[in-house]
Every structure is written in C-alpha cells, then in structure tokens.
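Place chains P, B, H and E on chain D using the hints.
Each chain, letter by letter, is given below.
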Amino acid sequence: MIGALQGLGLLAAAAGAGFFLAGTVGLIRFPDTTSRLHALTKADNLGLGLVVLGLLPFAGSLGAALKLLLVWGLVLLAGGTVAQMIAARVRGTEPGA
Amino acid sequence: MSAVLPYSIAAAALVALGLFGLVVQAAVLRKILAFNLLGGGVFLLFGVVARRGAGAGATADPVPQAIVITGLVVAFAATALAVVLALRMHQITGAATIAEAAEDGFPDK
Amino acid sequence: MGGLVDWLLAALVLGAAAWTLAAPTGFAAVVGFVGFGLLVTLAWVRLGAVDVALTEAAIGAGATGVILLMAVVRLRGGAEEVSAATPGRAVMVAAGLLAGGVGLALALAVLALPDPAPGLAAAAMARRGELGLGNPVAAVLMGYRGLDTLLESVVLVFAVLAVWSMAPDRRWGGIPGPRFPRQEAGPLALLARLLLPIGLVIGIHVAWVGAEAPGGKFQGGTILAAMWVLAWVAGLVQPPAIASQAVRLALVAGPLAFLLAGFAGMALGEGFLAWPPGLAKPMILLVEAAMTLSVAAALALLVAGPPERAA
Amino acid sequence: MSGTTPGGWLLVLALALPVGGMLLAFALGGRTAERIALGVLGLGTVLAGMIAAEVYAAGAPLAYRLGGWAPPLGLRLQADGLAAAMLLTAALVLLAVALFGRAAQATPPGVQEARAPFTFWTFLLALAASLAAAFLGGDLFNLFVALEMLTFAALSLACLDGRPSQFRSELRYLFFALIGSVLYLLGTALLYGAHGTLDIALLAERAGADLPTLLAAALMTAGLLAKMALFPLHLWLPPAHAGAPPAASALLSGLVVKAAFVLLLRLWIWVLPPVPAGAGAPLLAGLGAAAILVGSLIALRQERLKLLVAYSTVAQIGYLFLMLPLVLAGDPEAAARAWLGGILQAASHAFAKAAMFLSAGLVAGALGHDRVAELGGAGRAMPMAVIAFGLAGLSLMGIPPSGGFTAKWLLLTAALGTGQWWWAAVILGGGLLTGGYVYRVLAGSLTAPPAAAPRPEPPAQGPERVALALALVSVALGLVPLASFGLVQIGRPILGGAP
Amino acid sequence: MTGAQALLVAAIAAPVLLLAACLWDGARRRMPGLLWLAPLPGLAAALLAADTTPLVLDAARLRFTLALDAPSALLLGAAALLWSAAGAYASRYMGRGPGAERFALWWLITLSGSLGVFVAGDLASFYLAFAAVSLAAFGLIVQDGTPRARRAGEVTLLLAVMGEICLLLAFALLAEAVQGPSLAIADAVAALPGSPARGLAVGLLVAGFGLKAGLVPLHVWLPLAHPAAPMPASAVLSGAIVKAGIIGLLRFLPADGALSDWGGILAGIGLLTAFWGVGCGIVQANPKTVLAYSTVSQMGVTVAALGMGMAMAAPGTGMAVAFYATHHVLAKGALFLAVGLAAGSGGWRRWLVLLPALILALGFGGLPGTGGALAKAAVKPQLGEGLVGLLAGLSAAGSTLLMLHFMRRLIALEAGGTADRPARGLLLPWLGLAAAALLLPWALYGAAGLGDPWEALGKDPVAALWPVLLGAALAAGLARQDRWLGAVPEGDLLLLTGKARRLGAACGAVAVRAEALLRAWPIAGLALMALLLALFGVMLAAAA
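Residue numbers (our numbering), protein chains in the order written: chain D, 62 to 158; chain P, 3 to 111; chain B, 104 to 414; chain H, 10 to 508; chain E, -13 to 530.
Okay, chain D solo, but in the shape it has when bound (with noise of 0.2 Å):
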C-alpha cells in the first residue's frame, strides 16, 4: 500500500526526472555556453531538489532525510559555484556573450 505522501513523492520524483531531461537536451541543443549553463543549472538544481523532495517519504528515518536535504543543499552550492565561475570565465573570453 502506498500512502499519499509516497504518492506525491513519486510524482514529485518523476517531475524531478523530467527536468533532468529537459536539462540534458538544453545542454546538448543550446548553442552558446551561457543558454547551456542556464538549462543546465536550472534544470538540475530543481531537478534534484524535486527528486529529494520526492525521496522524502520514503527515507526511514530522521537522519536519513537530513542526509538527502544536505545532499541537495550541497548540490546547490556546488553547482552554483560552478555555473558562476564558468560564467565569469565565459565573460573574459567571450566578449559580448
């Protein structure tokens, strides 16, 4: 039997699937470096977060779901740092981008 919330933490995991993919097209299709860094960063980061949030219900316990959410929250800073520097990167190299 699954319950509500593991009901929603499916979808929101599936939804979380979804901006994976969408992501990985942007990041093949889009034709400069900062398009492909938006699609990328967006994507993933929401992707992510959704799967996590999605993951949720099913963590056994306390300890486990922080351990997810801290998963996330680094995710976050990491690819945030990344997406900024690569960016800042771009801008020296490429001008007018």
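Derived by calculation from the structure, the hints in this document are not laboratory data.
Every value quoted in this text rests on a predicted model; they were computed, and no experiment measured them.
Cβ coordinates follow ideal geometry from the N, Cα and C atoms, glycine included.
Please note that a few of the clues may not be correct.
To be verified - Covered by chain B, according to a simulated footprint, are these stretches of chain P (three or more residues, beta-carbon under 8 Å):
hint, segment
1, 8 to 19
2, 30 to 42
3, 51 to 65
4, 70 to 84
Claimed, not checked - Only some residues are given here: those of chain H computed to face chain B with a beta carbon under 8 Å:
hint, residue
5, A25
6, L26
7, G29
8, A36
9, G38
10, G76
11, G77
12, W78
13, E122
14, G171
15, A203
16, L211
17, D219
Showing chains P, B, H and E alone in chain D's frame:
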C-alpha cells in the same frame, strides 16, 4: 548470478579498450587515461568475483573488496606519478608523447 | 527489470570509456573519464560493494579526475607531435585484434569460473567479531590482510617522495604546486568557506563509521584532502614547504602507527599485526585516525605535485 | 605449512626494519637519512644471513603467520631457500651500494638536505623494503603491492639525475611497468575467483589446468615479463638503467629485475600444474635465448659504456629463463641442477652487474664521458675499477672460477641431461658474445690515453674498493662448494614430471 | 697428504702465491726478477711425484683432485724447466718498470695454468687451468702494445674463447656420461667410449685441444701470436703453452683402441698439419714466424703419432708422444730465445748463438745424435711403418728444410757490432736450455721406459738420416728463391675470414635495426599482447 554477467562483459571489454588505448594512443595524457580504464576493468572484475562470492550476510565477498580499495589507492598514486613525469617532460622538452626513446648514456660534460 | 538496469549501466560504462578514448580534446576525454568513474561507482553499488563505491567515487573519479584536469590545463599543444606519433592503420588493426583477443579470453575465463564461487565471505564475516568491527571490509583491511594495508600506506609515502623528487634541484625544500590568488570575494571563496567545515565533518564521519558501516580511512581521508585542495585553489591556504617537519610527520604517522601497533601485537598478542584481545577496537581506531591523517596528507600532496617555488 | 615456525620472527624483522627505517629516514631527512640507511642495511645484512643460516639449519622453510590469521583468510611471510638466497644477495648488494653511495650521494656541505641524496638514501631503504616484501611474501596480492613498491622505488632511483632526457624514458618505463602490474592484478582476480585464495601454498594444492587458471598464469607471466624487460619487452630497460647514476643503475640491473623473477618462479614452479607449465616453458626459454643473443649482439655494438652494460643486462636476464624448461623437464636430478644454476645466475649476475655499473660509473666520472671508443688511459688512472669490470665480465662470460661459470655449467649439464642441447648452444654462444663486449671495454681501457687528453682525475679509493669487492664476490661464488648451495633447494616443490 | 702430493700442490701454489704477493708494491716491483723461481716446485714435482696417489681435496664437495701420471710428469718437468729458463731470460729482457711488472702478472697467471693442466685431476680444475693458460696468454702477446700485437692477441683470444666453449660443452657431455657425481678425469675418460654422445664429445675435445695445439685449420692464431710476443713469451708460448692442447688430447682420449676410428682421423689431421706448417713456413721472412710454423708442423707430427697409436692401440703411445713433445718444449723454447740473442750479439760471440741453434734446428729433422733424433725414435712404433712411415719421413725432411730456412733468416738478421756482447742474463738461460734440449732426451729416454737410446739410434741409421739429407738438399735448391718470401701472410687461412667478418657486420646491422623497431612503443605493446595470447594458447592446448 546472472546479475554479474553485464559487469563481467563490461570488465573484459574495459580491459580490451584500456590495452588498445595504451598501445595506440600517442599523447601521454591519453595513455594515462587508458591506464585508468584498464585498471577500472580489472577492479570491476574483482567486483564480479566479490559479488559471486556473496554470502553469509555479506552482499559481496569482503576480501576482493578490500583488495580493490588497496588497488585503487595504488593506481591513484601511480597516476599521480605519471602525471608529474608527463608535466615535467612537457615543461622541459615541450614533448607530449613518448614516441622516441632517448638513448641515454653518461652525460657529456 | 533489475537485469535491464545492469545491462544499461554496463553499456553506459563502456560508452563513457569509449568516449574517454575517442574524445576530440584532452579536456573532453578527462571529463569523459570522470563521468566513467561516476558510472562505475553506480556499478559498484549494484555489485553490493558500497565500500568500494565510496572509494571509487572519492579516489577513482574524484581525486584522479582532479589531477588529470590540472594536468590537461598544463599539457597544452603538441597536436602535430601526437599525430606524427600515432601509429598507422596496420598497427591499429593489430592492436585492436590482440586487445580484443585478450578481452575475449578474459570474458570466457570469467564465464568459466566455478559455481558456487569459492570465497572467503563466510570466514570474513564469522571472525570480524574478534576485531570488534562490524564492517567486514574493515576487518579485512585492518585485520586479516593488515600487511597489505600497511604496505599500501607505505606506497603512498613512496609516491609522495617520488613526486617530490621530480623537482629541479634548486626547488628542493620549497612549496609544491602553482600559487592560486587569494579570493576574498566571489563564488569560490564562498564555496570554500561554506563547504570547508561541512566537508571536514563529513570526512571525519566517513572515516569514523568505517569500522561498522561502509566508509573508512581512505574514503574519509580523500574527502579531507579534497577540502584542503579546495581551500588551496581558493587561495585560502598555501601548500606547506616539503622540508617542513610537520608535513613529513603527518605523512608517516599512519604507517608508523600501524607498524608500532604491529609490534605491540607481537608483544601482547598472537604476533606481528595481531590486535591484542580486548584492545583491538580502540587500537584499530587509533591507527585508523593516524592513517586518515596520512592518507589525507598524501593525497593532497600528490595533487599539489612537486615543489615549484621557494619556501 | 601455514603456522609460524621457530625463527619466523626474523622474517617480520627483515621486512619491518627497512619499512620503519624508510619512514624514519623520510621523516627526519637530510644526513640522518644516510645514517639510518647505512645502519638499517647493515643490520639487514645480518638478518638476511641469520635467515639463510636458520633455513639451512632447519632444512625447511621459515614461515610467519601474520596477525595470527591463517591463510586463506590471513597472510603469511615465508622464506624458503630461494627467498633466503635472494634476500642475502639483495642485502649484500644493497649494503655495497650504500657504502659506494657515501661518496657519490653525500649531502653537499652547507645544506640541510638536497634532492638527489635524500631521494637516494630514502629510496635505498624503500628498495630494501620492497625486495624483502617481494621475496618473503606468500600471497599473490601482497606480492602485487610489493611489486608496486618496487616500481616506485626503482623509478625514482632511475630519475635521480634529473636530466631532461630522462623524463621521457622514465615515463616509458612507468607505463610499461604499470601495464605489467595491471596484467598481474588481473591474473590474481581470476585466481581468486577460481580458487578463493591467493596464498601460494594453497593455490599450489587447488590450482588445476582450468581455463581461468591458465589465463591468469598467462596474464601474470606477461605482466612480470614486462617488468623484467625480457626481450622483446625490453624497450624501457636500456635508457632507464643507463641514464641513472651508477649506484642506482647497479640496484636496478642487479636486483630489481630479479624480484619479478622470483615471483615468476613462484607462479610457474609452485602454482601452475606441471603439464601446462611444461608446455609454456619452452616459449619463455626461447625468448630468453633470443634475449641472450640479441642483447649481447646489441651490447657488442654500443658506443656508450653504460648502454653497453644495460644491454648486457637484457642479455643476462635471458639466462634466467633457460632454467624453466630444464626444471620442468621431469628429470629430478637435472631439475635440481637447473634450479641451482638459475638461482646462482641470478645471484652472481646481481653482484657482477652491480660491480660493472659501479666501475663503469667511476670510469665515466673520471673521464668525463663514457664513449667506449675513447676509454684509453682508464686502466692506468683507475686500475681497480677496470679490474673490477674485468672480473665481473669474466663472471658474466662464464669463465671459471666464477659464479657465472658454475651457474652456466649447471644449466649446461642440465640441458644436456634432459636432451635439450639447443639451450646449451645458446648458453655457449651467449658466452662468446659476452666475451666480445667485455673485451671491447677492457681492451679500450688498457690502451694508452690519447696524447692530448687531460689526465683523468682518479676516483676515491673507497668506491673503487666497493666495486672490486662486488666483482670478487661474484667470482668467489664459483669457489663455494656446490653442496653448501643445498640451501636453495629447500622448499622447492619436487615435480612428478610431465608425461 | 704425502710429500709427493704436497709437491703437486706446491707446483700450482707457487705461481699463485707469487701472484698474490703482487698485491704489495714492493713485491710487485721485484717480481720480474723472481719469475724464474715460480716453476721450480713444478720441476720438483715432475722429478719426485710422478705416478703418486692422486690427491683428492674435499672429496665430498668440489672434487678438487690433483694427479700426475708419467706422461704428464715428463711434460711438466720440461715445461717447468722452460718456464724457469725463460723466466730468467725475461728478467733481463724485459728490464724494469710498470711494463715489466704487468708482464710478470700475466706471466704468473699463464704459468699457473700451464703447469696446472698437467696436474689437474678433475674436469673442473683442468678447465680452470686450461682457461688460465689460454686466456692469460693474451696478456703476454699484447705486451708490446703494437697494432700487430693487438690484432694477434685478439685473434688468439677469440679462438681461445671458442676453444673454451668447445671444451666446456665436451666436459659437460663427459660429466653427463659418468655415472654419479664424479668429475674425475679418469672416470670421465673411462665413461667416454660408452657415452651416447661419444662422437660429439670427442669432436669437441679434438676441436678445443687442437685449437690450442695448432692443428690445421685451427692453427691460424699461432703464427700470428708467437712472433708478436716478446722473446721469452714466444718461447713459452711455442714451447710450453701449446702443450696444454697435447696433454689434453693425451689425457682425454683413451689410447687403448676404444676410439680407434678417431685415431685415424687424428692421424690424418696431424699429417696434414705437419706438411701445412712446412709449406707455409718456408715462405716466411721473419725467423720467429718460421719457428711458429715449425711448431705447427711439429704438433702435427705429435698428434699424428697419437692418432696412429690410438688407431693401433699401440702400448706405450702416451709415453712416446709425451717424449716427442718434451723434446719440442725444450728445443723450440731454446730457439726462440736464440732469436732474441742473435740480433744483439756480434763477432765471434754470435756463434755462441748460431752454432747451438743449428744443431737444435737440425734436430727437428732427426739429425742423428740430437735429442730430436731420439724423439723421432720414440714415436717410431706409431709412425714407422708403411705409408705413414713414408709420410712421417717426408715431414721430417720438410722440417729439416724449414729449419734450415729458419737458420738463414736468423743469420740474415742484422748482426750487432763486433763489440756487442750478449748480456749474460740472456746468454746463460739460452745455453742452459739448449744444452738441456740436446742432452736431457738422452737421460730421459730410458727413464721413460722407451728403451736404450743408443740402441734406438743405432738400429737403422739410414732410415734416420735420409730425411735430413733430403731436407738439406731441398734447402740448398731453394736457397736462392727469396722471391717467394711473404707469399703467404702470417696466419694464412685468416685471409678467408674477411668475407665472414663482413657478413657478421651485416647481420649485426640488421639486428640493430630490428631491435630498434622492437623498442618502438606500439610494437612492444603488440608484442606483449601477442606473447600473452601465445602463452595462453600453448598452455591451453597442452592442458586440453
């Protein structure tokens, strides 16, 4: 045991890919990468062996697992050493391959 | 369903490997390799070897990826030399056939492995209690095959010294690696400040839980080393001069502690590298702590490379 | 078999001493490293002597069960005759090279610590530790770690001079050695998968002629051959060994390749069943024969002294492989002879080649070059070094009385005794070619110096004496009564013989 | 250890100990003056220790055996005498200084080997002694450091090493043939006829020893090396060192008819060598080269006698052959010393050199009354009959011709001024040795068990004389034919090796290129994988 079949084949194929790359790739960096692929294949084979030996409450035989952990550290050390050698070679001679062997005798003063 | 996932994962691993070999640029190849490492990590999870998965992620993909990325930046150029040195078609074909032959023989040999597989899982599980360890992999590393681990930690010291010894004579005793400008503001500085304390805690945690659950000194030590590299790249810390006594001591602390514990076993227990009954757990944890320090120091210094600047 | 024997603690000390010494030398640095190295290597020689004596007295291998865990779960150290003999050889050569290095690798005055001396002394200990691990290890994966230690130590010693041309040849060495390591490791994976253990003694009981075992053996053998630089896999050896400073070259050529050979013997004589081993052995011996002939021929044509000596190593390694088909031929008497001959060849080559590299280094250092054609006057300026080279050369050629002669004599009679006369022809032809290149060097150094040449600076007496002492040991091995070599037979499996 | 056995040890130990003494500077400086002492224990051993019980040191292990049978004792005594006389000669001839010290070192090594081959009783010690005498002779030959000496030394060394290889293989076969671990020569010889590899072993023995003894076509080093060395060294090379080959053949080939087929072959080679030496010798200009070719010829006769003895299973062959060789040791050694003297003396004193030299020279042809005539008489049972007898006589005539040619070349050497007197240090050894060559055979003939010398000579004076007369007549006829001088270069057959050397160089170049290819990275990688698969395949096929 069928679960290990894909990984067995992947391990064998990785070994073949790694050997191929090490032999034919000219750039040093690519050789280092190929070495790591080859090592990855070998470790994966240990993983297959470990998985096949699962039992007594262990999801995989711990002895091969420990061997892989040791092996990974050794492989990393080797990679680091190869990278340093490659960088120093590049820095001094500008070379990016090891195509020609320098026949080395006593340095002429 | 499970089978399909495994086939898919295996195919992805091979695809990433092929990309690593065939990628147009060195940078792309290294990125492909890091992706390969992460996929292999998943494969390890699927193979039930979470300890190895952690190590693969930390060292196989992470640390190796970092030094390769640093190398690819510095190894620019040489395209003509590379194409001149690339062997001709005949050699390519021969290499392909021979390598394929080796792979085929290997696949056949794996299929011919006996069923049920002989192994030591039962023995390793049964006797880990004598060491007070819940994690059988830790029992193998610190107990049954302690000598391997001892020698492996010595290999790391060898490697560090080997890397250092590649330096020019006049740089001996100096500071390894390039100098990164100190970043007061900006994303990297922020990341470093935020991540460092969390990373340190996680690293120590991973090392600590190794006795009972997946984790251990190598994985934890790698995380600690990664934190240090982050701080270094952000310009927050400088690598220490290699002449520094503290660095040397940090590097040998682990193997030396292990060695001394081994002799303690000779004096108190059943022999060299035996853990005295009753004292096993605390002694193991002590040695593991020293090893974590040494592993972290060694990995960080391997990433930093040979000394390049005067102290 | 798996229990600890009396005297087993000696094995622990023989391994732990250089490991601990290396760690301390690394931590304390500078001149202390040199002092530690000399002390540890001196003690190590005593230990190796005690181990050999203990094995000889007991007539059985020594063993030590580590941590109280019995194989297959645990590891053991063991010293049979082979290990004891090689350990003693290694200890003596290491000690001699250390004494040689006191002059050549001294930390220059006025500095706390310098790169090359510190690296040399620390890796000298590292090499001692690696060799002890490789000779005493009883588990194939433990031996893998030992091999890796050895590779790192050897590589760093080879790079000691830090010349630009070196990095490329060392990189070739590293890559080839790494391929070798990985293939070896692959073999251990298959063996563990097939037999659930990596302990050599247990594998000897369990291994059959099944597909995984045979492929594992082929993989591991190929890997070890790459590390030993058996022709045609020798691409890395000449530049690496010739480019290193003399003290390092002596160790690389004299000892490092022998460690892989001991592993090869463990694999072929202990683990592999006799039938497939007997089938594969002629292939390896054939490569050995090719190594002897081609290596000697190329050595004969070298223009650089150190390269000549390095190619001589390529050739001399070949002799080691000739013992395999003879030991595996199924004739117990011939097998004992060939076994002794092979190990004696390994030992006498270790001493002789170390002496050669040391004396070649002294000559090159004094003349300022090592062109074979221009060695004139060397004999007058440093007679001891040239005599050392000559004596070592006699041993390599197999001129009596020398260890090389006894070794080749034993292999020769074993070859004839088993009806494999073609190996005898190779042994003798190789001796002739060896004589050719040794003669070139000696004749060159005994001629008068060119009138215009500056008078070469005679080297210090100490290093010359070390080179001479090594050469004399290599010769003296031929005077030791054969019966006292019964040591090396201890612990050797007696094969039922191939049908 | 009995006193006699102690003498055997001393025979070898004396030169070795003197050699060891050279580690001290003072002893080394004095060594050239002491060389004459080194062989004296050997001489004593020859006189007092013949046929003593073999001395087996360390019976269980090294099998280090010393033994001295009667033929060996004969040769040992003569060789020791020559070494002593030549040593005394050398101390004056070589002077003092680093060159002489170096010469003394090589001299002592060679001496220890030269005497060692007579007393070694087991394969290992014999091989060791043989190696010492073969290889160390190089140092004596190249003493002068001239390019000619160096080339001669190189050819010698190369052939010596090849000879060593033949012997090593032969000894390995012998050791294999013996039941049990014994390495005693006596056991090996006894086992040889029954060995499955008999033909190969004997062939290798003949090649290895024949090379040292100068049998055609392995003689090429001898006419190069003997003239190139300093006089005293030439004397021992031609007198004593070649006998290492003779004693080897004597001791290793059973004379009891067990190898009669090989006896015929040896006799054929010996006779060919005897004539070859004469033919090449009479067109040489350098008297030392003439002497060297005479040595070749004489060794041919010696081996022919041995071969016939083997073929006929004639009793006493060993003794007879040893006696023949003994005379050659003394006489040929003396003549080389004479060459060194002839140039340095003038006026009437020259005749102190020339006259004894003429008598010795004609002795080789069998001039009645000389030691040479007795030597001829000794091998008469082997070489006296039928066609072989005729050929032996003709070779004696050839020897006479050759030696007269030698005398002409010796006289043609530029004489010193009338006031030049030969140094006493040179003259006395020469005269002593010449006297020994003439007289000792008379004393030894009976002692060697060959009978009464007077009776032997009186038996058939015509048969003994015709070769001398024929040789003299030929010599007179050829006296003016100097245009042939130099028609055959020293080392005759070596001419043919030029092509072989070019071929060798080409092979070497190919090997170098092929090896360089194998060192290319991808090729080595392919080789590694191919080797792996081949090994796997071979083992799999064997297991299946």
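Each hint, compared with the structure:
no. : hint     : result
1   : 8 to 19  : holds (count 12)
2   : 30 to 42 : holds (count 9)
3   : 51 to 65 : holds (count 15)
4   : 70 to 84 : holds (count 13)
5   : A25      : 6 Å, holds
6   : L26      : 10 Å, violated
7   : G29      : 6 Å, holds
8   : A36      : 5 Å, holds
9   : G38      : 7 Å, holds
10  : G76      : 4 Å, holds
11  : G77      : 3 Å, holds
12  : W78      : 5 Å, holds
13  : E122     : 6 Å, holds
14  : G171     : 7 Å, holds
15  : A203     : 6 Å, holds
16  : L211     : 11 Å, violated
17  : D219     : 7 Å, holds
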